Amino acid sequence: MRVMVLGKATVESEAGQLPSMEALEAMGRYNEEVVKAGVLVAADGLHPSSRGVRVHFDGDDRTVVDGPFAETKELIAGYSILEVASLEEAVEWVKRSPNLMPGGVGEVEIRPIFEAADFGEVSEEVLAQADGVGELGRANVAKWRAEQGGN
Amino acid sequence: MITGWLRPSARCGWVHDVPAADPPPADPPANRAVEAVWRIEAARLIAGLARVVRDVGRAEDLAQDALVAALEQWPASGIPDNPGAWLMAVAKRRAVDGLRREVRLASKVAELGRDLATVELDLDVEDDVLRLMFTACHPVLTPPARAALTLKMLAGLRTEEIARAFLVPTPTMAQRIVRAKKTLADARVPFEVPTGAELSPRLASVLGVVYLLFNEGYSATAGPDLLRPALCDEAMRLGRILAALAPHEPEAHGLLALMELQASRLRSRTDATGEIVTLLDQDRTRWDRLLIGRGLSALDRAVELGGETGKYAVQAAIAACHARAHTADDTDWGRIADLYGVLAQVAPSPVIELNRAVAVSMADGPAAALALVDALVETKALARYHLLPAVRADLLVKLARPDEARAEFERAAALTDNNRERDLLLTRAKACDATPTG
Numbered sequence: 001m002r003v004m005v006l007g008k009a010t011v012e013s014e015a016g017q018l019p020s021m022e023a024l025e026a027m028g029r030y031n032e033e034v035v036k037a038g039v040l041v042a043a044d045g046l047h048p049s050s051r052g053v054r055v056h057f058d059g060d061d062r063t064v065v066d067g068p069f070a071e072t073k074e075l076i077a078g079y080s081i082l083e084v085a086s087l088e089e090a091v092e093w094v095k096r097s098p099n100l101m102p103g104g105v106g107e108v109e110i111r112p113i114f115e116a117a118d119f120g121e122v123s124e125e126v127l128a129q130a131d132g133v134g135e136l137g138r139a140n141v142a143k144w145r146a147e148q149g150g151n
Numbered sequence: 001m002i003t004g005w006l007r008p009s010a011r012c013g014w015v016h017d018v019p020a021a022d023p024p025p026a027d028p029p030a031n032r033a034v035e036a037v038w039r040i041e042a043a044r045l046i047a048g049l050a051r052v053v054r055d056v057g058r059a060e061d062l063a064q065d066a067l068v069a070a071l072e073q074w075p076a077s078g079i080p081d082n083p084g085a086w087l088m089a090v091a092k093r094r095a096v097d098g099l100r101r102e103v104r105l106a107s108k109v110a111e112l113g114r115d116l117a118t119v120e121l122d123l124d125v126e127d128d129v130l131r132l133m134f135t136a137c138h139p140v141l142t143p144p145a146r147a148a149l150t151l152k153m154l155a156g157l158r159t160e161e162i163a164r165a166f167l168v169p170t171p172t173m174a175q176r177i178v179r180a181k182k183t184l185a186d187a188r189v190p191f192e193v194p195t196g197a198e199l200s201p202r203l204a205s206v207l208g209v210v211y212l213l214f215n216e217g218y219s220a221t222a223g224p225d226l227l228r229p230a231l232c233d234e235a236m237r238l239g240r241i242l243a244a245l246a247p248h249e250p251e252a253h254g255l256l257a258l259m260e261l262q263a264s265r266l267r268s269r270t271d272a273t274g275e276i277v278t279l280l281d282q283d284r285t286r287w288d289r290l291l292i293g294r295g296l297s298a299l300d301r302a303v304e305l306g307g308e309t310g311k312y313a314v315q316a317a318i319a320a321c322h323a324r325a326h327t328a329d330d331t332d333w334g335r336i337a338d339l340y341g342v343l344a345q346v347a348p349s350p351v352i353e354l355n356r357a358v359a360v361s362m363a364d365g366p367a368a369a370l371a372l373v374d375a376l377v378e379t380k381a382l383a384r385y386h387l388l389p390a391v392r393a394d395l396l397v398k399l400a401r402p403d404e405a406r407a408e409f410e411r412a413a414a415l416t417d418n419n420r421e422r423d424l425l426l427t428r429a430k431a432c433d434a435t436p437t438g
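Protein chains in written order, with UniProt numbering: chain A, 1 to 151; chain B, 1 to 438.
No lab work stands behind these hints: they were computed from the structure.
Please read all numbers here as calculations on a predicted model, not as lab measurements.
Be careful, since some hints might not be right.
[Stated by the list, open to error] Chain B is faced by these chain A residues, among others (derived, beta-carbon under 7 Å): (1) V35; (2) K36; (3) G52; (4) S86; (5) E88; (6) E92; (7) G103; (8) E107.
[Stated by the list, open to error] Here are the simulated DMTMM-like pairs of lysine to aspartate or glutamate, each with C-alpha atoms no more than 25 Å apart in a straight line: (9) A:K36 <-> B:D127; (10) A:K8 <-> B:D81; (11) A:K95 <-> B:D55; (12) A:K36 <-> B:E72; (13) A:K36 <-> B:D55; (14) A:K36 <-> B:E192.
[To be verified] Rough simulated footprint, nothing fancy, chain A against chain B, three-plus residues with beta-carbon under 8 Å: (15) 58–71; (16) 229–240.
All C-beta atoms in this analysis are idealised placements derived from N, C-alpha and C, irrespective of residue type, glycine included.
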């Protein structure tokens, strides 16, 4: 399953204040670990909301509102996308992350991303079919099955 | 996903088949957190231990012992601050105890104790994880044994999960794993990443196992059991680990690119009723842009490293042609045909020739493709393969030769054991009657 890990903004991140060198290095080591575990598939930091805009929808009307936005704790300062086996695994990984503001208070939210399976299961016999490269794969599987003697 | 792997247990009751070596299933919520830690730590734990005990089977047993201890203690005590170090400490203690029982040689015990003291779950352990991958995929093992050991030791899956994924009874899989461990021990397979001339074939074996796991999952993505499709995720995770731990190997990136590009289309492969949607008819807006982006960068990396003609990189390049085309009509079939030509040289196979023929028909028309297909028919290599007459029939329709096309469709229908496919082929055979003879 894929989850989005949302790093909430802090007063410091909204002020455009960068974490200390030590904190960034610790985060770098952590990210390397998550990459080498095959878990991290995307990650980005976001500029403070003062550089962002909101587009407000009201029926057919659209209103553009410039940042910054007030409710700091509800804002997002960065995100990553993890490919994990369970929500529990995502929690375990996130708990291991260093605090970007050592000694400070922050919050990270983990939200599962919708997947095809969430939209209802598909029926069964639809296995064999040819679509370009996929067919090569199936030939490999057939060959392998033959090698394992039908087991 | 582990929840996906474990959820079927409630319905299927495989808990009764759990072999003695495996800890109890992790259904209670407290155990799910332990299981999550296990997923994260298993490979590094086993790998770190294997470096010292020099026997991956034994290392895996020790790690399993530590997991059992964790399942006993953590639900009450809570997960320790450094769960990996906790598991490693328990496993080390068991290693020393075990050796004491076995040899009663104080010096040997002291030696092992000293070696174990040096094993920590630090960054060095990553090299051990890579060694573990090469060992689990060692050619002394049969391909299914390689796949099973890889899932068990690198992905941290339970024996019954692996059994379900491969549609075999749990005791069969448990036996396969025990035998595989014994084979590795008997053959005294060294715990190392091979070097020199040995590296290339051994790496090919690792890549082959990962891709086979992916294909097992891919061919079942429309099936009723979500456990098998989860193999795609496992394979991609392994592929990402491999690309991160062996970043200078172009084919590691080529394979990752291939898997990510193919997986980007998984969710558009079936329609709302579960019918397969062929590549050219898929809703491309549903393709997974994140995976496409990752796949294209991995392919770039493979090419930068000089791996342009690697078996996996070429297949990834073909998949990339589809990924880059915003509509089916935009597909660069000329390039796909060329890439199949390259692939036919690096990994010759009649199935690849058949795929090349399809690409040539899209690029240069049916007549050029028919010549290739007829050459294939002569080799008799694909005599029982229904897609050969099916493709030939399709070309004959385009060339306005309906009588021959009908015969080929009927021949293809007789060769397939998939009912739905047979119906489709027979319908197309009938449609040939309606076409005026050309």
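Next item on the list: So, E107 of chain A near chain B? Judge it on the closest CB pair being under 7 Å.
Entry: Hint violated; E107 of chain A Cβ to chain B Cβ min 20 Å, cut 7 Å.
Check: Can the hint on E88 of chain A be confirmed by a CB-to-CB distance to chain B that is less than 7 Å?
Finding: With Cβ-Cβ at 4 Å, under 7 Å, it holds.
Note to self: So if I understand the rule, the pair passes when the alpha-carbon distance is 25 Å or less; does K8 of chain A with D81 of chain B pass?
What the structure shows: Holds. K8 of chain A to D81 of chain B sits at ~24 Å (cutoff 25 Å).
Note to self: Between the alpha carbons of K36 of chain A and E192 of chain B, is the straight-line distance 25 Å or under?
What the structure shows: Holds - the C-alpha atoms of E192 of chain B and K36 of chain A are around 19 Å apart, at most 25 Å.
Check: At a threshold of 7 Å, is the proposed contact between G52 of chain A and chain B supported by beta-carbon distances?
Finding: 22 Å, violated
Next item on the list: So, V35 of chain A near chain B? Judge it on the closest CB pair being under 7 Å.
Entry: 5 Å, holds
Item checked: Verdict on chain A covering the region 229–240 of chain B, where coverage means 3 or more residues with a C-beta closer than 8 Å -> holds (count 6)
Check: If you draw a straight line from the CA of K36 of chain A to the CA of E72 of chain B, is it 25 Å or shorter?
Finding: 29 Å, violated
Notebook entry, point to check: Within a Cα-Cα threshold of 25 Å, do K95 of chain A and D55 of chain B meet the stated pairing?
Noted result: 32 Å, violated
Margin query: Next item in the hint list is G103 of chain A. Is there a CB on chain B closer than 7 Å to its CB?
Written below: The hint is violated - G103 of chain A has no Cβ within 7 Å of chain B, the shortest such distance being about 17 Å.
Notebook entry, point to check: Within the assertion that chain A covers the region 58–71 of chain B, do at least three residues meet a Cβ-to-Cβ distance smaller than 8 Å?
Noted result: Per the Cβ count (0), the hint is violated.
Notebook entry, point to check: Regarding the hint that S86 of chain A lies at the interface with chain B, is the smallest CB-CB distance below 7 Å?
Noted result: 4 Å, holds
In this structure, the earlier hints numbered 3, 7, 8, 11, 12 and 15 are contradicted, and the remaining ones agree with it.
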